[in-house]
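2 protein chains.
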Amino acid sequence: MKDKPKISNAVIKRLPRYRRYLKELQRKGVDKISSNEFSALIGYTASQIRQDLNNFGGFGQQGYGYNVDALYNEISAILGLDREYKMVIIGAGNLGQALANHTYYYKTGFVVSAIFEVNPKLIGMSINDIKVMDYESIVEYVEDNAIDIGVICTTKESAQEVADKLCFAGIRGIWNFAPIDIEVPGHVALENMHLTDSLHSLAYHMNRMDDNSQDSVSKKK
Amino acid sequence: MKDKPKISNAVIKRLPRYRRYLKELQRKGVDKISSNEFSALIGYTASQIRQDLNNFGGFGQQGYGYNVDALYNEISAILGLDREYKMVIIGAGNLGQALANHTYYYKTGFVVSAIFEVNPKLIGMSINDIKVMDYESIVEYVEDNAIDIGVICTTKESAQEVADKLCFAGIRGIWNFAPIDIEVPGHVALENMHLTDSLHSLAYHMNRMDDNSQDSVSKKK
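From first to last, the protein sequence lines stand for chains A and B. Residue 14 in the numbering used here sits at position 14 of the first sequence, and the numbers go up by one each step. Residue 171 in the numbering used here sits at position 171 of the second sequence, and the numbers go up by one each step.
The shape of chain A in the complex, shown without the other chains (with noise of 0.2 Å):
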């Protein structure tokens, strides 16, 4: 364990926002925030801001708040942000193509290097500059590129054959968003992008809104 601090979940799953945050602060110029004002605009409280940034050791200082650019740093580090690291995405259809376009993951150092794809009108493309290659040759092209991160954009009855075949390659991490529930050896990172049960849960959410159709609260997730 070395001597990082065990750090809960949620608070993982929140440091992101913090960061995106952070560096909407960054560029409008400004040095530093106390928690009432952080709180004021990411919609969490003081107390939860304060509680959350103090597993980390706490940047804040009384009477002062916290210094923009130190906790953005800090959490990018914690984050692993401050590397590169380098994808393939296995699937070309739709969400592949799309997720190799997105340009937005090479500005914050996560470089597709390859898609792979099994439809041969497909292979031998690019997209975006990036070459869609034989699924055949998936290991081989992991194992000499040292690639980190697996994006499974493959349909479901697929999906957890590809994860298998990217660990024993050597993955060190998966961001799946096929609609299925997959499996990976203890060793291997897995992030689940399940777009349909967010759809179902926004359905669920409208049909409440209606049975609540009096109240009025703002609502911000």
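Simulated from the structure, these hints should not be mistaken for laboratory data. Treat the hints with care, as some may be off.
As the list claims (entries may be wrong) - Some chain A residues judged to face chain B by a derived CB distance under 10 Å, without partners named:
(1) A98
(2) A100
(3) T108
(4) V111
(5) K165
(6) A169
(7) G170
(8) R172
(9) G186
(10) L190
To be verified - Using 30 Å as the maximum straight-line C-alpha spacing, the simulated BS3-like pairs for lysine-lysine come out as follows:
(11) B/K165 x A/K131
(12) B/K28 x A/K13
(13) B/K13 x A/K156
(14) A/K13 x B/K32
(15) A/K23 x B/K13
(16) A/K13 x B/K121
(17) B/K13 x A/K6
(18) B/K28 x A/K28
(19) B/K28 x A/K156
(20) B/K32 x A/K156
(21) B/K86 x A/K156
(22) A/K86 x B/K156
(23) A/K28 x B/K156
(24) A/K121 x B/K13
Glycine is no exception: its CB is placed at the ideal position from the N, C-alpha and C atoms.
Put chain B on the given structure of chain A with help from the hints.
Chain B alone, transformed into the frame defined by chain A:
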């Protein structure tokens, strides 16, 4: 509040997942399942499952287990998936196009009626037989066609303005893919898909794994 129970957000977040697994069981011809069997499958504890499903009056019978069809239909109804929703997508970039092409939604009752764009080169095109229309006409269109959900696939700079327009036009739910937190009135449901937040969580977990590489607990989310 009518007579529907108040259910925590954490439970709601798990319902689409229960539903996915129940659908899988239906496909395999399974009629009933005990909470222990369900637990082995879905990865929540049996007591968690019983507690979650008790929120809805509990569909299980002691010594029998859950009726798969009944539970599936009940969860679908709770989520509001027993009806159809009309969606519009705003932004015909890569992500907007990927979502428009994602036929899975249609099968599950989410129908994309139109895509809205500001780029004159894209207006007039069709994507998956869905018309790309001028963003200028969005308020009229949403009003006239009783659109339920707006899917924001714009840049983060435009997202709030688009949300404001959708809310003005009477939208009931917003599915936001722009990498920014938007604000909506209390009667509008909001669900965010922050792709980069998820990727940053993945980076964090990958780095934690490196720290703990001696552990090998199975990880399942």
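Evaluation of the provided hints:
1. A98: 4 Å, holds
2. A100: 8 Å, holds
3. T108: OK, holds: A/T108 within 10 Å of chain B, min 7 Å.
4. V111: Since the shortest Cβ distance to chain B is 12 Å, the answer is violated.
5. K165: 18 Å, violated
6. A169: Violated. Min distance 15 Å.
7. G170: 12 Å, violated
8. R172: 5 Å, holds
9. G186: 4 Å, holds
10. L190: 6 Å, holds
11. B/K165 x A/K131: 39 Å, violated
12. B/K28 x A/K13: Answer violated: B/K28 to A/K13 is near 35 Å, above 30 Å.
13. B/K13 x A/K156: 20 Å, holds
14. A/K13 x B/K32: The given pair, whose Cα atoms are some 35 Å apart, is violated under the 30 Å limit.
15. A/K23 x B/K13: 29 Å, holds
16. A/K13 x B/K121: 39 Å, violated
17. B/K13 x A/K6: Holds: B/K13 and A/K6 sit about 25 Å apart, inside 30 Å.
18. B/K28 x A/K28: Violated, because 56 Å separates the two Cα atoms, which is more than 30 Å.
19. B/K28 x A/K156: 15 Å, holds
20. B/K32 x A/K156: The given pair, whose Cα atoms are some 24 Å apart, holds under the 30 Å limit.
21. B/K86 x A/K156: 25 Å, holds
22. A/K86 x B/K156: The given pair, whose Cα atoms are some 25 Å apart, holds under the 30 Å limit.
23. A/K28 x B/K156: Given pair A/K28, B/K156 holds - Cα atoms ~15 Å apart, limit 30 Å.
24. A/K121 x B/K13: 38 Å, violated
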